[in-house]
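Letter by letter, the chains look like this.
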Amino acid sequence: MSDILRPLIVGAGPAGIRAAQTLVGAGIRPIVVDEAPSGGGQIYRQRIVPDERSPQDLYGSEAAKATALHETFAQIRDRIDYLPETLVWNVRDKAADVATGNRTRRIDFSHLILATGATDRVLPFHGWTTPGVFTLGGSQIALKSQGCAIGEQVVFLGSGPLLYLVAWQYVKAGAGVAAVLDTAPFSAKFHLLRGLLAQPAVVLRGFRYAAELMARGVPVHFGVQPVRIEGKARVEGIVWRERGKERRLACDAVGYGFALRSETQLGDLAGCRFIFDARDRAWRPECDMAGRTSVPGIYIAGDGAGIAGADAAELAGERVGLILLEDAGFSVDRTRISVLERRLAAIHRFRDVLEAAFPFPDPWAGSIADDVTLCRCEEISVGHVRAAVRDQGVFELNRLKALTRVGMGRCQGRMCGSAAAEVLATACNQSLDSVGRLRAQPPIKPLPLEIAADGEAA
Amino acid sequence: MALLKRLARQKLPPIAFTLNGQACSGRAGDTVLTALLTQVDCLRLSDFSHEPRAGFCQMGACQDCWILTAEGKRIRACNTVLEPGMNLRTIAEPRS
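If you're matching them up, the sequences are chains A and B in order.
Per UniProt numbering, the first sequence starts with residue 1, numbered consecutively.
Per UniProt numbering, the second sequence starts with residue 1, numbered consecutively.
The reader is advised that the hints may include incorrect statements.
Stated by the list, open to error - Straight-line Cα separation of at most 27 angstroms, BS3-like style, residue types lysine-lysine; simulated pairs: (1) B:K73 / A:K172; (2) A:K172 / B:K5; (3) A:K445 / B:K73; (4) A:K445 / A:K94; (5) A:K232 / B:K11; (6) A:K172 / A:K189; (7) A:K65 / A:K172; (8) A:K189 / A:K245.
Note that these hints are calculated values from the structure, not bench results.
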């Protein structure tokens with residue numbers, strides 16, 4: 001077995017597809033497991049069946065990249081073992097447990113590339129569980145994959161480049177956008193001027209989105225602090241604070257998010273060492289420039305290794321493929337690796353600019369009210385967490401989970417984990433890194449009770 | 001009342017299914033979430049406070065959009081593709 005490479009790639013987004021392509025190029029046949037019915041990841045998500053829309057309609061300025069990635073995946077399709085609609089729910093020693101429908105089985109691998117991407121980082125506020133409130137990523141999926149707007153008068157709220165991109169995509173598709181509410185002050189956007197030299201195309205595209213939104217009469221507010229969603233059965237309006245005054249706007253849907261958070265559960269189960277990423281305000285698997293984690297044979301690429309975006313994910317996917325090959329004794333094109341690393345380094349420098357232009361809404365955790373629901377699965381309030389700190393001396397996230405059930409529900413802390421860490425750290429007056437991170441538990445997502453196991457061979 | 005508004009894909013073939021026993025129609029390529037939220041505005045009640053929920057992340061991460069089939073099987077609406085003849089139940093009486 002030792003001379004046969006059997007790499008397993010988790011995720012068929014930009015990183016996973018480029019990694020698979022690189023391995024296929026060396027004559028290796030990787031296994032690619034992905035939860036979606038077709039490749040592309042969330043950013044370049046494909047429709048389930050074709051419709052009247054062109055790639056330009058779907059992906060806008062990124063249409064060429066999306067199309068190229070989809071074509072690559074189609075071209076390597078018969079040289080990989082591709083398992084769509086399949087969840088990797090556990091990783092143990094050189095084996096992964098994967099579930100397709102009601103069947104689960106074990107897949108042995110020689111190497112593992114985690115290309116698990118990211119989900120929206122959401123911060124709770126009053127009414128965030130109301131029907132009609134979706135994440136920014138969810139709002140984008142509704143439009144791209146399903147051809148639906150989340151409402152007829154949509155407010156987009158939060159911080160991060162996705163805020164303007166999704167709002168612009170909605171306007172372009174003919175949806176009603178009632179307002180864009182940016183939690184950062186307008187002055188933060190001047191940081192983007194620094195980015196003009198590093199990544200001019202990206203910055204100019206962002207300016208174009210904002211300019212076109214304003215040209216079409218979409219009000220854009222800066223320095224916004226969300227107060228509450230109005231409506232009980234569904235969204236009827238949103239109230240926010242701006243320059244000391246409360247303002248209200250009628251709307252029937254809200255898409256919101258505050259940048260992204262890496263999906264890291266499988267790295268945790270695989271035993272990877274974690275480090276705290278101050279820029280992402282989160283713990284993530286430690287990896288070197290090439291994507292090697294602390295566990296030999298386990299690699300990581302794309303947003304799951306820290307948020308850097310789709311372009312970086314494609315580059316990192318190719319690089320991790322080359323590095324895996326090199327580690328396995330193949331001779332690889334070192335010049336190409338240098339090119340990839342130079343481009344990645346430029347994107348990572350630019351990330352600091354983006355972070356300054358779209359900052360985390362500090363001091364969010366101190367200002368949020370006690371009666372706001374923090375954990376939407378278990379319905380635990382912010383005040384509950386503060387009480388656990390005050391009355392039981394909790395100062396660590398897993399202890400908090402045990403005592404309050406925050407992060408113990410079906411989503412396993414994907415939605416509340418970031419916010420819970422922020423609230424806990426602020427409440428016990430500790431740094432964010434010191435409260436730790438929620439430990440991953442298999443299965444990382446709920447499995448049907450009637451699931452049946454195939455034999456252990458795969 | 002619908003939560004989601006269709007802007008495209010209107011001319012794709014209709015897919016018949018039932019929701020709480022009533023005949024409904026979605027479009028080819030719909031997820032169950034889309035097929036339901038273009039008809040109603042609630043998928044389930046939350047476990048403890050029994051407040052209405054209608055999905056959140058639409059990418060299989062938040063687990064907010066669990067519903068039932070008539071056979072009592074739980075499915076995650078956002079990453080289940082709508083199939084002809086599905087018999088679906090929201091975990092709340094629809095208010096629309």
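So, going through the hints one by one against the coordinates:
no.: 1; hint: B:K73 / A:K172; verdict: 39 angstroms, violated
no.: 2; hint: A:K172 / B:K5; verdict: 15 angstroms, holds
no.: 3; hint: A:K445 / B:K73; verdict: 16 angstroms, holds
no.: 4; hint: A:K445 / A:K94; verdict: 20 angstroms, holds
no.: 5; hint: A:K232 / B:K11; verdict: 33 angstroms, violated
no.: 6; hint: A:K172 / A:K189; verdict: 23 angstroms, holds
no.: 7; hint: A:K65 / A:K172; verdict: 19 angstroms, holds
no.: 8; hint: A:K189 / A:K245; verdict: 22 angstroms, holds
Checked against the numbered hints above, the structure breaks hints 1 and 5 and satisfies the rest.
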